[in-house]
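**Student:** So the chains spell out like this:
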Amino acid sequence: MAPTSAPVPAGPSRRAFLAASAGLALLAAGCTAGSPGAPAVSTEEADRLAGQVAVQEAVVAAYAAATTADPALALSDLAAQAAGQLDRLRAAAPSATSAPAPSAASVPVPPAPPPGADVRGWLRGQLAGAAAAHAQACTGQSGARAALLGSVAASLRGHEAALA
Amino acid sequence: MADDVADDGVRDEGTETAALRAVVAAEHAAVWGYGTVGAALPEDARGPAAAADTAHRDVRDRLVALLAERGADPVPREPGYALPFPVLSAVDAATLAVVLEEGVSAAWVRLLDQSVQPPVRELAVAELGAAEVRAVGWRSAAGRTPVTDPLPGLPG
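Which chain is which? The protein sequence lines are A and B, in order. Okay, so the first sequence: first residue is 5 according to this note's numbering, each after it adds one. Okay, so the second sequence: first residue is 8 according to this note's numbering, each after it adds one.
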C-alpha cells in the first residue's frame, strides 16, 4: 500500500472508507467554479466571494510587509501559499478581477506592522482575522465556493499555528 | 458510499447527510489511528495524540447525534482497519497522524461542497481548521516541509 494512503478498514468494507477521497475526486472533477455542471450562483454569493478576494489580497500584502519589516522571518513559503490561494479565489470570483480600478481615494492602505512592533505577532493577528473572515463567508456560500473558502480559511489557521 | 453522494450539481439535505456520514467514517478511522499514533510515541510525547484522539471522538459523537436527529443511520465503526504503512517510530507515528488529519480534512471539505445548511458549514469549517492546525504540528514532528497545506482537503 502506498505510504500516503489513509488507514482503511480491513476486509471487504475497505471501499466504504474510501468515500471521502473518492468523493473529493468528484469534487475536483465536477464542482469547479464556473464548470458547466456547477450550481447557479446568486449575485449575493458572487459579491461576497469577491469581497473575500480583497481579504486575501490583504493577506498577501501583510506577508510582503512582514518580510520587509523582518526579513529574518523567512516567510517565502507561506507567502507563496497565500498568493496561490489568492489566484484560486480570483478564478472562482471573476467579477473580482473584472471590476473597474478603484479611485485613489478608495484604495485601502496596505497593512503594515507598526514601527517597533512584534512583526510575527502582528502577522499572526492579520492571518487570524482573515481566516475568521473567510470562515464566516464560507457559511454563506454553497458548493465548490464554500469548499474553497473553507479550505483557505483552514490553511490560514495553519499558517497562524506555524508562526506561533 | 461515494456512490451515495450525488454530484450532479444538486445540493439538498440528502447530499448533506451522505457527506456527514462520510465524515463520521473518516472520524472513526482517525480515532482508531490515533491509538496507533499514541502507542508509537514515547510516553512523555503522547499529549498531542491524546488531545487529538479526544477531539476526534467528540466530533464523531456530535455527528452521530446529528445524524440520529435526522433519522439517518450513523456509519458504524469498522471492525478493523489496515495501516497504510508500518508505524515503527515516532516519525512514523507523526506521519500517520498527518494522514489521519488530511483524511478527515478531505471529508470536511466534501461536506462543505455538499451541504445546504449554514450551521453545518459552520461546523465543517471550524473542524477543518482544527484538523489543519493539528496537521501542522504533526508535519513538523514528521520533518515534512512545508508544514502548512495551501488548500487543506482539496486535491493538490
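Careful, some of the hints might be misleading.
Covered by chain A, according to a simulated footprint, are these stretches of chain B (three or more residues, beta-carbon under 8 Å) [unchecked claim]:
| id | region |
| --- | --- |
| 1 | 33-40 |
| 2 | 49-62 |
| 3 | 67-73 |
| 4 | 105-112 |
One side of the interface only, derived from the structure: several residues of chain A facing chain B at Cβ under 10 Å [unchecked claim]:
| id | residue |
| --- | --- |
| 5 | V57 |
| 6 | Q89 |
| 7 | R128 |
| 8 | Q140 |
| 9 | Q145 |
| 10 | L153 |
Hints are computed from structural coordinates only; laboratory data are not their basis. Ideal Cβ positions, reconstructed from N, Cα and C, are used throughout, including at glycine.
**Student:** Mind listing which of the numbered hints don't hold for this structure, in increasing order?
**Tutor:** Those not satisfied are hints 2, 3, 5 and 7.
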